[in-house]
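Student: One line per chain: the protein sequences are A and B, in this order. In terms of this note's numbering, the first sequence opens at residue 18 and continues consecutively. In terms of this note's numbering, the second sequence opens at residue 4 and continues consecutively.
Be careful, since some hints might not be right.
Stated by the list, open to error - Computed footprint of chain A on chain B, listed as stretches where at least three residues anywhere in the stretch have a Cβ under 8 Å from a Cβ of chain A:
(1) 106-112
(2) 116-122
(3) 166-172
As the list claims (entries may be wrong) - Not everything, but these chain B residues come out facing chain A in the computed CB check (under 7 Å):
(4) Lys83
(5) Gly84
(6) Lys154
Please keep in mind that the hints were generated in silico from the structure rather than gathered at the bench. Quantities reported herein were computed from a predicted structural model and do not represent experimental measurements. Beta carbons are placed, not taken as given, at the ideal position from N, Cα and C, and that holds for glycine.
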Amino acid sequence: MDPQKTILVVDDASLVRLYYRTALEGAGFHVVEAMNGLEALEKLLILPVHLLVVDINMPHMDGLTFLEAVRRKNRELASIPALVTSTESAAADFAAARAAGANYYLVKPIDQAKLVQFAGMLCGVPR
Amino acid sequence: MVFGEAKRYYVERRVLERMSATGSGTFASYFTRLRTDAQGEIEQFVNAFTVNETYFYREDHQLKCLTTDLLTERIRQKRKGDAVRIWCAPCSTGEEPYSVAMWLLENWPLVDEYEIEIIGSDIDTAVLEIARAGIYGKRALMRLAPHLIEKYFAPLGAENWQIVDDLRTSVQFSAANIVELAQTRPYGQFDVIFCRNVLIYFDDASRRVAAENLFENLLPGGFICLGHTESMSRISPLFEVRRFADAIVYQRPAAGST
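Using the sequences provided together with the hints, build the complete structure.
Tutor: Structure (structure tokens):
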């Protein structure tokens, strides 16, 4: 049995956090939430996290700034895989996310089954 | 609100309740209290008269219509990430706006593609407090499948359940009297308004004022859902009636149409 993986969902919309949370919890992941990049950085200081699911447009600290900050941390934090989620779908947006340190990028709307599948892949626990 | 002779018993019951709650021995002493608004009695009095009988997923055919037809039509003119605004007025103790949020999570796969804003308003400030707390008994949950209760509620003692935090914070609650334009106007314009089972309690003049106010609160092309026994066609000619597979809904004509 795999130990349970913890996923940090970062999105400013509580409805969206709940939408992702119910999907991921239904697949056996443990989910913690943050409503912007600043809160997410704080969560990373106190909790072991195996995957970041990060929206881009958020108040106080957007997702890409957050990812850049994470990638500059110590190796343990900097190597947490990150799945970026956004309604933006231009090539420039993909490139910016890649440059900030994203491991994968899903364009909203994201099917719940697809989210679970990609979360499993990035955590190394196939679902 | 207008109560005819047939509602005499209902009115008497509420007045007696308030007399008893305020320790007024006679109607005269209670009436003085009411007229002078001692200790905010007017608000308490209004609260006692508003009807707060509701439950989750009530009239769910309209919720089905919301995701199958209404939002599909509304988002045609939107871009990804745009706001989708829904107003439940009145919202009573919150079952309806929370039902809308739950229904969207369960049945609208675009829930993360738009910025969904759900607002619940009511004239009765006491029910808004209950709505914000999001704590419900068995009766309110009777229509919900067990897996929905497990997903969106946390048990609170043996008899109650509380809406999970993320759902609670996804709905905003605030006071508004839909007959007062000064109170409805600040809410701006919505894609869909649920105004169920309240206009039946108004007299003709108030009904018309409410309909005109709500018309202003709709985006061009926006929809309003009434209770299943109510008809906007009897109240106001401003709206177009639309028949969808699951519900009859009234629409503010889109800009440019006649």
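Student: So, for every hint listed, does it hold in this structure?
Tutor: Taking the hints in turn, this is what the structure says about them:
no. : hint    : verdict
1   : 106-112 : holds (count 3)
2   : 116-122 : holds (count 3)
3   : 166-172 : holds (count 5)
4   : Lys83   : holds (4 Å)
5   : Gly84   : holds (4 Å)
6   : Lys154  : holds (6 Å)
In this structure, none of the earlier numbered hints is contradicted; all agree with it.
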